[in-house]
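*Asks:* Whenever a hint applies, use it, and build me the whole structure from the sequences.
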Amino acid sequence: MAVDNIDLSGEIKAWKDAAYGKDVRAANVAAFEKIQGTVNDTVQNVNQASEDASSASQNAQKAVDDIQSAIETATSKASEAAGSATAADTSKKAAASSAAAADNSKTQAAASAAEAKKIAQGLGDFDGTAAKVKITDTYGLVVSALGESTAQALIDAIANKVVNELINKNKIVNNLLATDASTVLAGTQGAALDKRLVAAEKAVTQLNSEALFTNALHTVSANDSNGIKNDMYANWNTFKTGVAALLYRNSAEAWIGLINKYDNAKGSVLLINSWGSIKVYRHYGTVLTDIYVAS
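Numbering that gives the first Met the number 0 applies: residue 0 is where the sequence shown begins, and numbers increase by one.
What the hints contain is simulated information worked out from the structure, not anything from laboratory work.
All residues carry an ideal CB built from backbone N, CA and C; glycine is no exception.
You can trust all of the hints, since none of them are fake.
In silico DSSO-like cross-links for lysine-lysine, where the CA-CA straight-line distance does not exceed 27 Å:
no., residue 1, residue 2
1, Lys76, Lys91
2, Lys239, Lys201
3, Lys92, Lys105
4, Lys92, Lys76
5, Lys76, Lys61
6, Lys160, Lys131
7, Lys228, Lys265
8, Lys265, Lys239
9, Lys228, Lys239
10, Lys133, Lys160
11, Lys105, Lys91
Pair by pair, the computed Cβ-Cβ distance ranges are:
no., residue 1, residue 2, range
12, Ile154, Glu114, 22 to 28 Å
13, Tyr138, Glu114, 24 to 30 Å
14, Ser75, Glu114, 55 to 61 Å
15, Ala110, Ala81, 42 to 48 Å
*Replies:* What follows is the structure in structure tokens.
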């Protein structure tokens, strides 16, 4: 509210015209009252202006806050819009993929329907039995190979072969003594056969360990006992350690003998011929010595 200028012209004139002290006082009081009223109005106006300024400041701050909030809201909305755009693109791609999958499923369904129709046509008057199922006889069990037959006919043919041809109970023996080549061993005899094989292997191993001769029969193509001696000496290192049989024959006489080899440097040989002659040789080092001769 505007404050008018203070007009003190009347009070000033009263001061000038005052002849007595009471008149001066009255003029002063009147002037001060007018000044006081104007001052009060001015103070009130100042206070109101201050309040208005404070309110304006608050309104300005609120406006700033509203603007900041609007900025933040706009930023959030922009981010949400970007996210929505990405999600929309993803959804678009997923939809395209689903459409492709649907097309593929449709194609497969059509193929399955065609196959089902083909099967249905092939079954014809199928009534749920194997006799009504048409199939190809690949191996010619019922009709010519690759000819058309029925599942029941093939089942019957296979059953007949299994029961009456492949498995004839009269041809199954329940022991290990059968000699007929057309017979088969009962499954219960498998363990017994395995037991016998193991026992046989052990027996062979034991016989080999107890064998007197560790060398094969050595045949000499010499003309006399000296030839046998020389052949024995020449082949000594080829004999295994232990006892070996030595055989010599010609048109005049026959010699048999035993070689007892200790190692490659030592051993002995016993020779006997069909006339009763006996010769014993000792092999020691590089010397083959006659140690006994009887005619």
